[in-house]
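Student: Chain by chain, the residues run as shown.
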Amino acid sequence: MFDDGISRSLRGLVAAVAVAAATLVPALAQAQGKEQYFGIPSYRVGPFAAGGTGFFGGIIDYLQYVNMKEGGVNGVQMVWAECETEYNAARGVECYQRLLKKGDLQMHIFEPLATPIAYGVLNRVDDDKVVLTQYGYGRSDAADGRVFPWVFSTMTSYWSQASAILNWISTKEGGVDKMKGKKIAHLHLDSAFGREPLPVLRRLAKDWGFELIEIPVAAPGIEQQAQWLRIRQERADWVISWGFGAGMNSTAINSAARINFPREKMVGVWWAGSEEDVLPAGDAAKGYFAAANVPSGKQFPLVQDIEKVVYGAGKGNLSDPKRIGNIYWNRGVTAGIFWVEAVRNGQRIANKRGQMLNGDEMRLGFEALNLTPARLKELGIEGMLPSFKLSCADHEGAGVVKIIQWDGAKWNSVTPDWVSSDRKMIREMVEESAAKYAAEQKITPRKC
Amino acid sequence: MAGFQFFLEVLVTGLLSGVMYALVALGFVLIYKASGVFNFAQGAMVFFAALSFVGFMELGAPFWLALPITVGLMALLGVGIERFVLRPLVNQHEITLLMATIGLTFVIEGLAQLVWGVEVRRLDLGIKDQPLPWLADNTGLFISQIDIFAAVVAGVLVATLALVFSRTKIGRALRAVADDHAAALSIGIPLKRIWALVWAIAGVVALVAGMLWGARSGVQFALVFVALKALPVLIIGGFTSVPGVIVAGLIVGAAEKLAEVYIGPMVGGGIESWFPYVLAILFLLVRPEGLFGEKIIRRV
Amino acid sequence: MFYREAGQFRTSYGQDGQIFPLRQDRWAMLALLAAAVLVVPMVASDYWLRALLIPWLIFSLVALGQNILTGYAGQLSLGSAGFMAVGAFACYNFMLRVDGMPFLVALVLSGLCAAAVGMAFGLPSLRIRGLYLAVATLAAQFFIVWALDKFGWFKNNDPSGVITAQPIVILGMGFNTPQEKYLLVLGIVVVLALLAKNMARGATGRAWMAVRDMDVAAEVMGLPLMRTKLQAFAISSFYCGVGGALFAFAYLGTVEPSAFTIDMSFRILFMIIIGGVGTILGSFLGAGFILLLPIFLSVLFHAVAGKTVDASITSAVELIVFGALIIVFLIVEPHGLARLWQLTKERLRLWPFPH
Amino acid sequence: MTVQLHAHARAFPIGGPIVEVHDISLNFGGVKALTKISFDVREHEVRAIIGPNGAGKSSMLNVINGVYRPQAGSIVLRGERLAAMTPRRAAHMGIARTFQNIALFKGMTVLDNIMAGSNLRMHANFLEVAFRLPRALREARECREAAEEIIEFLEIEHIRKTPVGRLPYGLQKRVELGRALAATPQVLLLDEPMAGMNIEEKQDMCRFILDVNDHYGTTVILIEHDMGVVMDISDRVVVLDYGKKIGDGTPEEVRSNQDVIDAYLGVAH
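Those protein sequences? They're chains A, B, C and D, same order as listed.
So in my numbering, spot 22 of the first sequence is number 22, and the numbers just go up one at a time.
So in my numbering, spot 45 of the second sequence is number 45, and the numbers just go up one at a time.
So in my numbering, spot 133 of the third sequence is number 133, and the numbers just go up one at a time.
So in my numbering, spot 199 of the fourth sequence is number 199, and the numbers just go up one at a time.
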């Protein structure tokens with residue numbers, strides 16, 4: 001990872017780092033035997049640390065579980081190294097580069113759970129042969145695998161989510177035809193993330209004839225008085241709360257309470273749908289809805305088994321085991337499942353059973369992701385993930401969400417089955433946007 | 001709803017938010033007045049204070065116990081900062097001091113997350129964050145109880161501080177220090193002790209602000225950002241004036257809310273992030289020394 | 001013994017005014033440059049080039065800009081990241097909308113855009129000074145990011161609200177590999193640093209410092225305060241703008257406006273305070289310190305405690321140590337690394353015969 | 001103390017009025033600093049302004065080179081009537097000055113301070129400087145040469161490269177004089193050039209002032225407390241008291257002026 005020659009030629013400048021590098025070598029030495037290596041760019045400090053510790057904790061716990069339960073994938077141990085990104089692009093890129101190599105091991109999957117970092121490495125993954133997964137964030141048009149061979153917006157993109165949320169609202173209202181004349185406020189963080197679903201919302205507003213009220217909130221969003229006064233003045237029927245960070249989301253709920261806006265008419269994006277997002281609001285959050293790509297809870301056999309096997313052996317990653325089964329951790333576990341499934345597929349496809357995979361094989365393995373109902377049952381995660389499969393062209397797969405509701409103590413799924421998005425419409429928009437990107441970047445889409 | 005009533009509502013909400021800003025800005029002023037340090041760590045102190053308070057309560061301490069403990073802790077923190085960060089830096093350039101306090105921000109943030117973890121917590125002061133029923137029924141104005149509570153607390157706090165400064169011996173010493181360090185020293189005022197005291201007080205003010213903000217939007221890292229809300233208040237009010245920040249807080253709060261509601265939609269909204277700063281600049285161009293700040297006369 | 005000026009006489013004012021009056025310094029500098037150009041690209045790993053050296057050079061450039069404004073002209077500003085953003089997005093749009101636009105021209109133009117914006121936000125400096133000005137310049141930081149974020153045109157209406165830098169091609173030669181990008185950035189930074197040095201030690205620099213040290217006296221000598229201050233803002237912003245463009249094109253590749261955070265502005269100011277206010281060298285040292293220290297800490301902590309201690313703890317401790325080190329440094333050497341370097345040199349001159 | 005006074009014939013005989021002050025009134029928010037002050041300064045002469053503390057001496061200088069703007073009255077500079085003077089205008093019209101409490105550029109070396117003094121003769125813009133184009137280089141060399149000449153004249157070669165902040169008070173005063181001279185002024189305003197100096201330093205300073213006056217023919221307007229010095233080196237003296245002019249004339253005349261004696265010489269100094 002650190003090159004001796006360079007540390008010599010630059011001793012004066014950064015001898016310090018070189019020293020660190022030296023001390024690091026023993027840590028690398030233990031990388032022997034058959035191991036599949038993963039880099040984990042976590043963020044455990046800063047405004048989003050609550051999510052970071054949960055999500056990356058989940059991934060680590062699952063990898064740990066696979067090792068302990070079945071001795072890895074066909075005997076290949078899962079190993080990983082962690083790096084603190086502070087949810088910051090520059091730090092994230094440094095982590096990416098640092099994690100890329102671990103001794104003679106190579107990183108083949110990168111999941112920063114941070115849009116700025118994902119963008120920071122977007123242009124590097126092709127050369128480095130790294131699969132960049134954006135689990136529920138990032139470019140929606142990355143769903144087009146022909147333009148983005150190495151980038152995956154698995155399993156549901158922002159666009160699909162927006163469409164799915166509206167589908168659910170329409171069913172609550174009693175059908176799409178009932179949506180005419182309704183007022184839906186899109187309360188969003190005033191950033192690229194907040195504006196991403198606008199194309200979908202605007203289009204559906206036109207098609208369905210409801211009125212879309214776009215209300216941005218300046219970061220960090222702990223002041224929303226003005227916005228909610230507007231919502232009240234406009235007499236919105238529904239509010240889609242497209243926020244990020246516990247500060248903004250709990251404030252949104254509180255502010256709704258301040259004007260007696262019914263929480264049962266609020267639907268949060270999945271970054272506004274974790275325990276951390278509603279707890280600070282207290283009782284005000286009762287009845288608040290949110291979209292979820294993964295529901296919370298310990299009812300899933302896998303979750304219970306991880307608690308038994310991993311935490312039972314005191315090898316758990318969460319400092320507070322009470323957080324097992326909550327949204328971010330569950331999401332992390334499923335992300336881990338994607339990785340391990342990709343490894344299984346890769347070994348099968350490249351028929352390198354029980355051997356390490358290289359970047360291309362990992363990519364093929366991920367692209368071959370196919371979670372059939374049977375497979376979900378095997379894994380013990382029925383209802384935790386939808387059944388979906390990826391393909392060369394389709395890097396999104398599911399495009400569905402579950403709607404969950406906060407009862408004051410925990411999240412409950414109000415939709416037993418997954419709410420689907422308008423797959424056809426979204427796909428059109430994805431391909432259009434991806435084509436524009438390809439043209440701008442002079443990329444020739446690959447054939448599928 | 002009637003246009004004017006809505007305007008009124010926006011205005012009142014804005015004024016009440018302004019009180020919250022002023023509460024944070026107060027800590028800055030106290031320290032700047034006494035030691036000429038622009039303490040950027042105030043935001044982190046707010047976060048740390050609230051987090052500690054909730055932390056102690058989670059450890060089982062009842063409210064009436066957690067409060068004094070946290071007060072003590074904050075006082076201790078303040079004294080410690082004065083002793084180990086600012087005393088060694090005394091007589092340094094103001095930029096150096098500012099930078100030191102930003103470094104301090106990292107330390108406090110790290111400390112808070114190290115000790116209490118990163119989980120988001122809620123703080124229940126027993127006051128509902130819901131509109132006052134009778135006000136809503138009679139006037140149709142929706143004003144949150146906690147905002148009014150916050151306004152009252154802020155008022156009490158300022159009043160007490162004003163009293164302490166004007167009536168007590170310490171207060172007089174404090175004002176002497178604020179006016180002229182050298183002179184204060186010469187008449188035998190223990191400068192260091194005064195500074196330590198001020199830092200302690202600032203710590204307590206941070207606690208109050210932290211509890212109110214925490215009760216509104218949860219006790220969590222985002223609290224450090226309230227400092228950014230306080231800065232424009234500070235320039236408008238003047239770094240050295242307690243009444244200044246109160247008035248400025250009201251101005252900023254009201255102006256930013258009105259702007260967001262009435263100007264925002266025209267430019268796509270979300271202008272709260274910068275509007276107060278632009279307001280502050282315009283203000284400065286008219287009154288470079290701020291609302292109540294001493295006029296700077298520069299002799300040749 | 002070897003670092004001695006004995007026997008070196010300056011016979012003309014021209015010689016006396018050189019950047020490196022001492023022969024040894026000139027050689028050392030040339031050697032360093034030669035190594036940077038010839039050796040580094042050969043031996044440096046991708047990690048070093050892409051994650052450390054390129055960002056270090058870019059931030060040195062930005063710190064240089066901040067130093068011109070704050071260190072030389074004495075105007076405390078917290079808008080640097082905002083001006084970087086202007087440069088980055090300007091460069092992207094020039095490349096996008098003018099086909100056949102040469103990269104270097106786009107780079108200069110984006111610098112000029114930043115300079116224009118910088119001057120606009122520098123206007124308050126004519127009435128406000130010190131911390132008040134610092135807080136006022138935050139308006140630049142927030143407003144610029146907001147505007148770039150808000151209006152799709154700046155990002156060619158990308159649905160994700162990001163720009164993806166076009167590939168760099170100069171005279172038909174593409175700069176794609178880390179080595180090539182590193183050399184490009186190095187070249188630009190060296191040239192701009194040289195120009196900055198010339199300004200700083202010339203009449204321009206004297207005017208800046210005069211305004212910084214005693215503006216009334218400067219005015220009485222006939223120095224136009226307004227023009228001098230705005231000039232400093234413009235030049236400083238130009239450097240920030242070019243730095244921002246390189247940040248997008250040679251470093252990150254895909255950027256969203258919110259990547260240019262207020263935190264970045266603070267760190268840039270840190271760079272010059274730690275490195276040395278009013279020194280060119282300090283900008284480089286400071287950028288290295290602020291950029292590499294956290295990385296060094298995290299590498300170190302993972303090496304030492306990575307396997308045993310919970311990562312949440314190490315991350316928090318990293319933060320604490322980083323802040324503490326900065327404070328300690330400010331206490332120990334308020335004049336920055338450059339001053340430290342200067343002192344060691346003065347000792348060397350006497351070595352081995354201390355007086 | 002005694003200094004050889006204009007023993008030889010002056011290289012620059014005293015000419016007509018170069019600065020005329022007409023009915024200048026200045027007040028800071030009610031407080032009257034100057035009331036209806038009028039006097040003139042002839043070319044090449046050394047003109048002193050004396051008076052007790054708070055007599056408005058410094059204010060008078062500040063009015064002359066436009067730092068303060070008088071409420072009433074006007075200034076005539078080389079026959080040109082100026083209602084409002086600005087510091088820059090004054091500088092461009094050949095007025096340079098030193099300050100009562102030293103206003104040097106603390107962060108810069110002696111050399112840089114003095115070179116900065118001649119900025120009005122630097123015409124190269126920042127780009128020329130950055131790229132070291134011919135004009136910039138030429139001006140830099142000339143500026144340096146001029147500065148060295150002044151440094152030699154003021155006998156401060158040994159501290160050429162020292163940051164002025166580190167210098168003793170007396171030397172700082174001298175450097176400040178040097179910085180003013182670098183502008184090659186026609187009129188030189190000196191605000192208490194000898195305040196807080198010991199005898200030798202004062203003698204040196206007197207010598208420099210007279211030499212400047214002799215060699216360059218620079219008109220000097222100076223404020224000074226030390227009566228001895230004033231009487232020795234100045235051709236004519238204006239006496240101010242509480243913002244009013246109470247005396248004007250040669251040192252001898254002033255010395256014998258009753259008002260002056262009462263108001264000024266009377267009080268112990």
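Some hints could be false.
Mimicking SDA-like on lysine to any residue, the simulated pairs with C-alpha atoms at most 20 Å apart in a straight line are [to be verified]:
| hint | chain 1 | residue 1 | chain 2 | residue 2 |
| --- | --- | --- | --- | --- |
| 1 | A | Lys436 | C | Arg339 |
| 2 | A | Lys183 | B | Pro265 |
| 3 | C | Lys345 | C | Asp25 |
| 4 | D | Lys161 | C | Glu346 |
| 5 | C | Lys197 | D | Glu155 |
Simulated restraints on C-beta separations [stated by the list, open to error]:
| hint | chain 1 | residue 1 | chain 2 | residue 2 | range |
| --- | --- | --- | --- | --- | --- |
| 6 | C | Gly130 | D | Asp232 | 54 to 62 Å |
| 7 | D | Ala72 | C | Trp341 | 37 to 45 Å |
| 8 | B | Pro62 | A | Asp207 | 23 to 31 Å |
| 9 | C | Val309 | B | Arg87 | 30 to 38 Å |
To list a few chain B residues with every Cβ distance to chain C over 12 Å, as calculated [said to hold, decoys possible]:
| hint | residue |
| --- | --- |
| 10 | Ile102 |
| 11 | Leu111 |
| 12 | Gly140 |
| 13 | Gly155 |
| 14 | Glu272 |
Rather than coming from a laboratory, the hints here were simulated on the basis of the structure.
Ideal Cβ placement from N, Cα and C applies to all residues, glycine included.
Student: Return the numbers of the hints above that this structure violates; sort them in rising order.
Tutor: 1, 5, 6, 7, 8, 10, 11 and 14
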